[in-house]
Amino acid sequence: MTAKKKKKLVKKEAKKTVKKAMKKAGVKKKNTKNAAKKVIKVKKKAAKKVVPKKKKVSLPKKQNAGKKPAFRKAKAVGTSKKRNIKVDVHHLTRVEGHGNIVIDVKNGIVKKCQWQVPEAPRFFEAMVRDRHYSEVARITSRICGICSVGHTLASVKASEAALGIDITEQTRNLRKLLKHAENFDSHILHIFFLVAPDLLGAPSVFPLVEKHGPVVAMALRLKRLGHEWGALIGGRTTHPTTVVPGGFTKLPTEIELRELRAKILAHEQDLVTTADLVLSLAGKIPNFNRPTEYIALSSDDDYELYSGEIKSTLYDGSIATYKVADYRSVTNEYLTPQSTAKWTKNRHESYAAGALARFNNNYDKLHEKALAVATKFGLKPICTNPFMNSVAQLVEVVNDVYQSVALIDQILKDGIKDEPLVRPTKFSKGAGAVEVPRGILFHEYEYDKDGMCISGNCIIPTNQNHANIQKDFEALLPFVMNLNYNNDEIKLAFEMLVRAYDPCISCSTHYLDIIIEE
Amino acid sequence: MSKPKVGFFDFASCEGCQIELTNFGDVAFLELINHIDIVEFREAMSEKAGKLDIAFIEGSFTRESDRKRLEEIRKRSAIVIAYGACAATGGINALKNHQHDYHECVYGKDAKAPHLASNIALPISAAIKVDYSVYGCPMSRDEFIRIVSHLLHDKQPIIPNHPVCMECKLNETICRFHDGDHCLGVVARAGCGAPCPKDGIPCEACRGFVSTPNVDSLVKTLINKGGMHSSRAWNKSRMFTNNQRGDVK
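Just so you know, the sequences run in chain order R and V. Read in our numbering, the first sequence has 77 at position 77, and its numbers run on one by one without any break. When you read off a place in the second sequence, starting at 1, and then add 1000, the result is the number in our numbering.
Looking at chain V on its own, in the form it has when it is part of the complex (with noise of 0.2 Å):
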């Protein structure tokens, strides 16, 4: 079998998921190499390609500019891969889109000025289908190679869909609440191993929400055992999914 042709292509993101990628060290990187055809990577080469059997999309959709490139990219790609949570759910970049001043926030009365056009960030399936998300910020390394063997061996990859507190309770982390904390591991996607309570802070949910999260239940428990004042208990999880919530949009 030739080697797949892959493609690395970047929209409003901070490239970090990218960054992940040389953080393979050279085993696994030369290894990834061995498997895969890197054709077409903007940041790191200079070489553009034609016909992709995978492409990985970086970063939001938050400009109507930016819909022919997606679609551009759609069209010449086999399969196409959200990574990192920018791409699968908006990411950090969502955090502005309950607001209604962000332009004026950040531009002050350049704030109606052509080039500075952006609108609320939305994942790129808000542009062209998406066939698999690779969630996290940044994404997670090992789920990336899980993800690129299952489909050199033609099999359909799993995302999990469990909440982060199973995760902490196979790595046996003591639960942040019980720490004095808070955490949003409670309605949380897990298949990240749950790195950040490990670490001694809570999870932020940047892999998103689980399906079908409670999210009354999460206030109410942000409240009684975390501790937080209710207005910062009901905004507390819009950091990475803002545009999962109902008061969106």
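Excised from the complex, chain R in its bound form (with noise of 0.2 Å):
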């Protein structure tokens, strides 16, 4: 068979399977237990051959038992034996930041399979000491372009914990307003030109404008539409500047907020497309589950990205909350040797944030319209397939759309009053949480009697993701074996797992007290 024709056999399948899928969300069938059984069989196997020292992982049939692989049906185990493979993907393209791929396998036996961060270190930690609580949110905006909106806020909860300043209830609803406008801008621009490429069979967003105009028209109007939501707030989008501890220095009128939600409103059917157009290429996304534990924000009144307290729930729905106060026992950073970024870990070998983790945790707060995408994905909690995590982005894009149109509703209701900044209480420590696209974040700042910082710790989500990418390369690359994908197709699926995560590299190469572990 020629590879175009194994590719349209890969393809008609892939089309079949979203079919089913969708048919039969989410339910069982006998025939495609036994396939099931043999990949678990594979990577328990797999699991011993990668990390020989630890202890198996237990994985709960039930878990794992999904439906029919989407690239092709699963062959006999035994043909993948005295294979060889090589990946060295330098610099993987389509992510934020550097980060490398290596997979090498002689004889069937995986001599090394390796998520690797060789990000430049940019030292953020030590460059806030000496400097002013008026310009730390200004210092450690910049360490990300795309999550700068989220760094930000996480910077100023921080220092007002710190300074003792509680905001007013305007300012943290203009701030829940400003955060979705981050996630709905972040998550676009995922989907659409990180993601897309991938399920459409191109290398990049550029060659889709010729075949595919109107989308990628329709993927920069959406992405205008999140710059221009935020900017409103928060004066722009790639590091505010409105965003100060203790408030807003400058706020929207109430006819830009009008204008605002008129504006958003105005992309519903934008919306519609998109989910219809993922939707259309779902069956692309590999069916690959790897049980963990899922972290991020919580509360009992909203799909929080700004507020609550941490929660974890485990691939068995057991559940852990913690204050945000406690998070350096949350995330238990240690260094390896294999990335210039700290790794984390809580209950489980490695936790995943970031959208799914946070759909695992709050599926119930989502907007109807949001759980009603869900439904059509067959995404359901507690999905431990990280591919679809993208899928669950698509989920809260809409989530944030509906949820700021309510919020505008609230604040215009109130009214936009003019309001002073919050002045400082005390000089102390303290610590602050925000759910940035990729997940969970939090930054902890001390303050001398001046208001000058004295030291500051920032734990990225994208951190606290590489562990768990990891485990999941050790869990991928039999289960691809086993389906046995060519050397192409093993890259192309490990590159996708990665994009899946979204993760932001730049972000994540800053640390401090570093604890090794073993």
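These are computed hints drawn from the structure, not numbers from a lab. Since no wrong hints were added, every one of them can be taken at face value.
Cut-off 25 Å, straight-line C-alpha distance, at most; resulting in silico cross-link-like pairs (SDA-like, lysine to any residue):
id	chain 1	residue 1	chain 2	residue 2
1	V	Lys-1169	R	Thr-253
2	V	Lys-1003	R	Leu-208
3	V	Lys-1198	R	Thr-168
4	V	Lys-1225	R	His-132
5	V	Lys-1129	V	Arg-1069
6	R	Lys-426	R	Glu-309
7	R	Lys-426	V	Arg-1232
8	R	Lys-250	V	Leu-1170
9	V	Lys-1005	V	Glu-1031
10	R	Lys-449	V	Asp-1101
11	V	Lys-1198	R	Gln-170
12	V	Lys-1225	V	His-1178
13	V	Lys-1220	R	Glu-135
14	R	Lys-426	R	Arg-172
15	V	Lys-1198	R	Leu-251
16	R	Lys-250	V	Val-1186
17	V	Lys-1005	R	Leu-208
18	R	Lys-111	R	Val-87
19	R	Lys-449	V	Cys-1105
In this text, all values refer to a predicted model and were calculated from it rather than measured experimentally.
Please dock the two separately framed chains into a single complex, following the hints provided.
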């Protein structure tokens, strides 16, 4: 069979799978059980090979006995026994920051299967020392260009905790609206510019301009909306200006907010089109599951992006909660030689942060229209397929739109009031957390009596996902070998996995207080 | 005339200037790619190209190991443009350049680990010849378009060298000092349109100093008009202009 024919076959099969999956969303068929069992078997074996010292991962069958693999049927396990595979992706493209994928299989034995982060370290925690509290968020915002809104918000929250500043209801609501804008903006960027090319079989978004002109125009239109929405509240979306400890230095007018509300709702049809587009490509999302721990901010009254405490849901449904101030007991950072970024771990061997983690923790707080999209894709808690993070992002995009409209209504009902910045009442140490597009983000600072920063610590979601990506790698390799993927397909599957996490690597390469494990 | 081949590259940075490109929206962005052929852009595309007419480089030069990659880009590019503060001046990355213990502060006892090697942050002009710079953190989208447009028309791009104060006057923005705040706009390079004072925050000089800043006078102004104590006033301008100060390195 030629490669082209093969590809066609794969496409056909993928289409069938989607149809089935849509019809029977979540329903398991008995003839797929065997295949799934085989996968588990191989996974266990491989886990042994890759990390011989560690205990076997206990994989509950229920979580793993998923639907039929999307790419192609599982073939006999033995066929991949004596394979040689070499994948060396230096500076993976279409992710934010620099990361390498290194896979080396000799005679069917895994020699190396690594997610490496070689991004140049940037030393932000050293930079904030001896800077005034009014400057700190402006400095740490520069950690990341995509989530600079999130870094700014986490930073001012931490500073406010350290300075004893209690912000007003209006500030809180406007910040929530700004947080939704960032989530929307970043997810749109990720879905269309970084993930869609893989699903459409293109190397990037640029060749899509000719073939899928209206789609690219729509993507840019939605991106523009996200930018204008954020810029109205934050001054601009890359390194916002108006967000400072104690409140806002400039407020939107009620007229501007009404215009924004109308503008957001004018894009409703684009959202439907986006969902349909992703749904038509969903068959190309590999049906790969690896049960892990999911960590996100959570509260009783909202699908949290801005407030709440830390919640952890394990693959088996067990829940734990922690105070934001105790974030270090959740992140337990450690250094590894394969990365310039620190890794984290909590109750499981690794944990995931991000849209899927938020979905798994807080799905019951989603807007009904967002839940409807989740149902369309068969996305249900607790979903253990990391590739589904992109679908969870789509669900959140819809949620951002409708929860923001409700927020704007609330802000307009209360009326915009000219409020002075709330001043510090003390100078001490404090932590703050927000959900940025890629997951939970922690900032912590300590200030001296003049309001100058003594020390800072930032723990970025991509850092928290690095270990989880590595563990996924170790499980994905036997999975794709078992499906007899050729080397190009394997490379693509690994690249897609990393892109599904939407990693922001430039963010994550800086840390404080190194703890070495083992 | 065939469209010029353009590549985008990144080094130590937040990659926010790349993101600014996507913030043009549908109309401006689609118009832009009518005039230039983007052939290499790691964050957005998997393709890699050969000869380039224009290379846009983002991020600071912080590791000796990055020199080769920079030289390789220089070799195959007719014009090299440093875009964004990190590439143009070292930007925020240089804020640690006056410290001697930043490795230990961040990495503790692992500071000497080989894969964590990183030196002080320098503009990319410290490694290769740079033809033009687009200043700012983030870079100004309007200025980016203006420079690309100038180059397409075979004109020399004009990079402003007057202080931000002038732009505040044009905007009729109330001076930060009059509002009881402080500001670096008096010695900061303009060209951004002074959005920060307009939004009620001081200029932090993200585009760097003008070519001949009177730093002593700045410190005096920060003390007398901005109400700062002398050590804070002296250190104030480090955030984006550390490499341009006399007391670094």
